[in-house]
Amino acid sequence: QSSLKVYGLVDMGLGSFEGAHEKGESTRTTEVRSGAMTTSFIGFAGVEDLGGGLKAEFTLESFIAVDTGQTLNNNAGNFWGRASNIALSGGFGKVALGQYDNPLFTSGYTYNPFGSSMSFSPTMRHFNYLGTSLQTNIPSAGVGFDTGWVNSITYESPNFSGLSFVGQVALKEGKGAQLKNSYTAAATYAAGPFAATLTYVKGGISNAAGTVIANGGAYTSDEKLWNLGASYDLGVAKLFGQYTSIKEDASTAGAVGARPNNKDKIYQLGVSVPVTDKAAVLASFGQLKNKDTDAGVTTKNEVFSLGYDYTLSKRTDVYGVFSNVRQTALQSGQSLAVGIRHNF
Amino acid sequence: QSSLKVYGLVDMGLGSFEGAHEKGESTRTTEVRSGAMTTSFIGFAGVEDLGGGLKAEFTLESFIAVDTGQTLNNNAGNFWGRASNIALSGGFGKVALGQYDNPLFTSGYTYNPFGSSMSFSPTMRHFNYLGTSLQTNIPSAGVGFDTGWVNSITYESPNFSGLSFVGQVALKEGKGAQLKNSYTAAATYAAGPFAATLTYVKGGISNAAGTVIANGGAYTSDEKLWNLGASYDLGVAKLFGQYTSIKEDASTAGAVGARPNNKDKIYQLGVSVPVTDKAAVLASFGQLKNKDTDAGVTTKNEVFSLGYDYTLSKRTDVYGVFSNVRQTALQSGQSLAVGIRHNF
Amino acid sequence: QSSLKVYGLVDMGLGSFEGAHEKGESTRTTEVRSGAMTTSFIGFAGVEDLGGGLKAEFTLESFIAVDTGQTLNNNAGNFWGRASNIALSGGFGKVALGQYDNPLFTSGYTYNPFGSSMSFSPTMRHFNYLGTSLQTNIPSAGVGFDTGWVNSITYESPNFSGLSFVGQVALKEGKGAQLKNSYTAAATYAAGPFAATLTYVKGGISNAAGTVIANGGAYTSDEKLWNLGASYDLGVAKLFGQYTSIKEDASTAGAVGARPNNKDKIYQLGVSVPVTDKAAVLASFGQLKNKDTDAGVTTKNEVFSLGYDYTLSKRTDVYGVFSNVRQTALQSGQSLAVGIRHNF
Chain V
1 QSSLKVYGLV DMGLGSFEGA HEKGESTRTT EVRSGAMTTS FIGFAGVEDL
51 GGGLKAEFTL ESFIAVDTGQ TLNNNAGNFW GRASNIALSG GFGKVALGQY
101 DNPLFTSGYT YNPFGSSMSF SPTMRHFNYL GTSLQTNIPS AGVGFDTGWV
151 NSITYESPNF SGLSFVGQVA LKEGKGAQLK NSYTAAATYA AGPFAATLTY
201 VKGGISNAAG TVIANGGAYT SDEKLWNLGA SYDLGVAKLF GQYTSIKEDA
251 STAGAVGARP NNKDKIYQLG VSVPVTDKAA VLASFGQLKN KDTDAGVTTK
301 NEVFSLGYDY TLSKRTDVYG VFSNVRQTAL QSGQSLAVGI RHNF
Chain Z
1 QSSLKVYGLV DMGLGSFEGA HEKGESTRTT EVRSGAMTTS FIGFAGVEDL
51 GGGLKAEFTL ESFIAVDTGQ TLNNNAGNFW GRASNIALSG GFGKVALGQY
101 DNPLFTSGYT YNPFGSSMSF SPTMRHFNYL GTSLQTNIPS AGVGFDTGWV
151 NSITYESPNF SGLSFVGQVA LKEGKGAQLK NSYTAAATYA AGPFAATLTY
201 VKGGISNAAG TVIANGGAYT SDEKLWNLGA SYDLGVAKLF GQYTSIKEDA
251 STAGAVGARP NNKDKIYQLG VSVPVTDKAA VLASFGQLKN KDTDAGVTTK
301 NEVFSLGYDY TLSKRTDVYG VFSNVRQTAL QSGQSLAVGI RHNF
Chain A
1 QSSLKVYGLV DMGLGSFEGA HEKGESTRTT EVRSGAMTTS FIGFAGVEDL
51 GGGLKAEFTL ESFIAVDTGQ TLNNNAGNFW GRASNIALSG GFGKVALGQY
101 DNPLFTSGYT YNPFGSSMSF SPTMRHFNYL GTSLQTNIPS AGVGFDTGWV
151 NSITYESPNF SGLSFVGQVA LKEGKGAQLK NSYTAAATYA AGPFAATLTY
201 VKGGISNAAG TVIANGGAYT SDEKLWNLGA SYDLGVAKLF GQYTSIKEDA
251 STAGAVGARP NNKDKIYQLG VSVPVTDKAA VLASFGQLKN KDTDAGVTTK
301 NEVFSLGYDY TLSKRTDVYG VFSNVRQTAL QSGQSLAVGI RHNF
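These protein sequences, in sequence, are chains V, Z and A. Numbering follows the numbering used here, in which position 327 of the first sequence is assigned residue number 327; successive positions increment by one, without gaps. Numbering follows the numbering used here, in which position 13 of the second sequence is assigned residue number 13; successive positions increment by one, without gaps. Numbering follows the numbering used here, in which position 57 of the third sequence is assigned residue number 57; successive positions increment by one, without gaps.
None of these hints come from the bench; they were simulated from the model. Since we're looking at a predicted model, the values are computed, not measured. Among the clues, some could well be false.
To be verified - Not close to chain V: a few residues of chain A, all C-beta gaps over 12 Å, as computed:
id: 1; residue: 26
id: 2; residue: 47
id: 3; residue: 187
id: 4; residue: 200
id: 5; residue: 236
id: 6; residue: 324
Claimed, not checked - Distance condition first, Cα-Cα at most 27 Å in a straight line; then the derived BS3-like pairs of lysine-lysine:
id: 7; chain 1: A; residue 1: 5; chain 2: Z; residue 2: 23
id: 8; chain 1: Z; residue 1: 5; chain 2: V; residue 2: 314
id: 9; chain 1: Z; residue 1: 94; chain 2: V; residue 2: 314
id: 10; chain 1: A; residue 1: 5; chain 2: V; residue 2: 5
id: 11; chain 1: Z; residue 1: 278; chain 2: Z; residue 2: 224
id: 12; chain 1: V; residue 1: 94; chain 2: A; residue 2: 314
id: 13; chain 1: A; residue 1: 175; chain 2: Z; residue 2: 23
id: 14; chain 1: A; residue 1: 314; chain 2: V; residue 2: 5
id: 15; chain 1: Z; residue 1: 314; chain 2: A; residue 2: 5
id: 16; chain 1: V; residue 1: 23; chain 2: Z; residue 2: 180
id: 17; chain 1: V; residue 1: 278; chain 2: Z; residue 2: 94
id: 18; chain 1: A; residue 1: 278; chain 2: V; residue 2: 55
id: 19; chain 1: V; residue 1: 314; chain 2: Z; residue 2: 55
id: 20; chain 1: A; residue 1: 55; chain 2: Z; residue 2: 5
To be verified - Computed footprint of chain V on chain Z, listed as stretches where at least three residues anywhere in the stretch have a Cβ under 8 Å from a Cβ of chain V:
id: 21; region: 43-53
id: 22; region: 94-100
id: 23; region: 148-156
id: 24; region: 312-321
Even for Gly, the Cβ is constructed at its ideal location relative to N, Cα and C.
Here chain V stands alone, though its shape is the one from the complex (with noise of 0.2 Å):
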């Protein structure tokens, strides 16, 4: 066992946090909060060299709720959440089975300021919407979105000169007639202090309550999406930018999760700027927007985020941001909040 490795991060911070609410209904409640910046975890992983330029490598991580000592689920509920997979690497890219980071949360994260703050980050916010109703004044989406995918296979290509690849399949595990593989490819191309990644996710559908449950699997909803991200780093500042389109087609009316007939737009714009070696300000606007045609009905969730972090030392950073969030038809919420953010 010479190369495992035990890693993780914790992240933990004390805030006064609002959500949007109706007139004179405040949800302000002041916590003691793990994973405001990026959700604490615990890992184990390990590479062995295979010869002849292979590499077998094993990643088992788990979400730390710090703040109460609970574990953090995937979507299906499982202990190892952030990732549980096998990979084989080498000239041809990289094959992994299992639990793997899904390619619209790696370009999720990637093309915002905030990373994959499930606080702070409206991209976050946003994505996480489609899983389950982060804003519980939006009717969640149905279309699973778990950072990583269970039960799944994905190709990650070598990088051609700058050009990069990734497809990844969770299979459906079950038979049923409305059943589906949950799918997603994504391009990057990334040039000097150019990176853009475009990504498709059509998602899988379960034709009766708790069969995906039974599965591990969370994917529900026969939903199609389209994300692009892309950044310019200028040196004196860091742009950000994220659009995605998200559609679910009548047909699925009746599975588990299903909104016939719904369709969401989200888009991002960020910035950091670096502002000494050690600190940067980070900000980053995102708005989503509902519209369920059959109910005739709009809605528009938007999210504003300013922070700032400063480096302690190689492994520890504090961090300090005000968000804030409205919604049509709600009054608008604003949160404050600091913390610090280890990595071991």
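Chains Z and A: place on chain V using the hints.
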């Protein structure tokens, strides 16, 4: 991850256990028991020097029932139930965020010869009654007793010529008319052979069943608790004493775990006698007196434990303990166990 | 913590699986499957030399479904479901307390070419039926089959000129007229190319639903089991054979998992043929015959597996297996899978 430490303790014993019981209804069982002397656990921790005397340290610890392979959760039902926190320490003392040892627990295991033994320490058995009814015949007290408090902020002062202080608050993290934060404050004086700690706990309250679990917290019921513990090391023997007083207001009627107009008094007297370099005899007597003013009933529960501990090596010891428990209106129960305790 | 070891195994495959099924109701699914050849797990273990030839060692191991990130529990539903124990070893042999490999499981995986494969080994599939019905068409036998027994005391003798013994008792740890301890005894003789083990298991019984789970144990139903396994290594091939007989008394009627007046016979014949230094062909045929005297029904389940294993490196191998299962009154099912197995 240079500083990462994987560590823990396995305590396994074999014994015949009996609680206080109705006449002719002995509860005696023969058991392979985990953690009779010290609850078994596994932990992951690390420290990073941030410079200028400042250190960041994190701790993640999970209880284990080694006899069955179960994880033992804290009252809030969480996997990392022994500890999950990050702390900054320096000349100012230490500030910790997350789930961190409650000072009542710390004082509780410090001033009795059986430490944190949930099977043999009269103090721990009576503290346990505060959260869950170890002696099933006494109604459980409402104030949660968790060895660590979740969602908490803890401050530990430096040592001022033998004097030190600890303050802890566990945030309610929810809204509701009766929901309150929980607080603990403790002061310790230690000089030469003498040490004493005075602790005050004010438990919060929840106004509806389920609220507490939903918050991942377990500190219900608006009780006030005073605790005084002291020890004196004569060299040929170390003497221990503890006194605890708990009072619940009438105002808590209707709250989760509320016992309006209940009063509890707990005391313990103990001694540990080193008989050789490697062996010690331990003895402890404790009484819990519960007075239910409304029902007009007073119940006493008394535990006496006599033990022998022998050090096999730097990391391993073996023990044998006899324990007697008796309670108002019940037959007394006798337990006898031997075990091995191994640090790793 | 000098001796602490973090280790484990990740086995991941891709296959098309089908069980015995009613006509026209194939159960075929395409799956990313964890642990098809060996159940994936992570472990923490350590040894301490206590002097005088005495050693203390502890083991904590948790099964993992790497395909979904789930933990796989033992029958008792526990996180540390592969092993959780402490042992003292020396010239007298070894005594272990806690959850420790049951000798029936040890003999079961030793004398068949597919080892502990829950997907391909006919023996493991038929043993599994003892606890849970892997072939859902055969009623599950009542005697729990857990690879390790919880709440147990195990003694392993030293090797006396090729002869060695194991005794194990799992304590009932509860009260109730029908509740009994479970026992296993095994004797092994190994000399040169020959090895054989005779095992006897007497399963305890619980008298009410839920009792067993409450105890964290899973050894229900008053069954008696005899098992004989043997192997002979010819050099060009290693031969394997196993025979198991299980009988349940009429007296168990009404008990949890009871199947009064049921008899089962299981046999297996296998061979492994090393074709190169790094490759081996494996073949195994096994039959389970269940006779329900009360119902007057006899059911046979037969599994045949043919596999190829290729060693990629010191810690990693790949495999391909074809397996056929057939059962009285059902259509047979065929499975085909390839996988990679990585020790860390």
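To see whether the hints hold, each was checked on the structure:
no.	hint	in the structure
1	26	violated, 8 Å
2	47	holds, 15 Å
3	187	holds, 34 Å
4	200	holds, 36 Å
5	236	holds, 28 Å
6	324	holds, 20 Å
7	5(A) / 23(Z)	violated, 50 Å
8	5(Z) / 314(V)	holds, 19 Å
9	94(Z) / 314(V)	holds, 21 Å
10	5(A) / 5(V)	holds, 12 Å
11	278(Z) / 224(Z)	violated, 41 Å
12	94(V) / 314(A)	holds, 21 Å
13	175(A) / 23(Z)	holds, 16 Å
14	314(A) / 5(V)	holds, 19 Å
15	314(Z) / 5(A)	holds, 19 Å
16	23(V) / 180(Z)	holds, 24 Å
17	278(V) / 94(Z)	holds, 24 Å
18	278(A) / 55(V)	holds, 18 Å
19	314(V) / 55(Z)	holds, 13 Å
20	55(A) / 5(Z)	holds, 23 Å
21	43-53	holds (count 6)
22	94-100	holds (count 3)
23	148-156	holds (count 5)
24	312-321	violated (count 0)
Hint violations for this structure: numbers 1, 7, 11, 24, all remaining hints satisfied.
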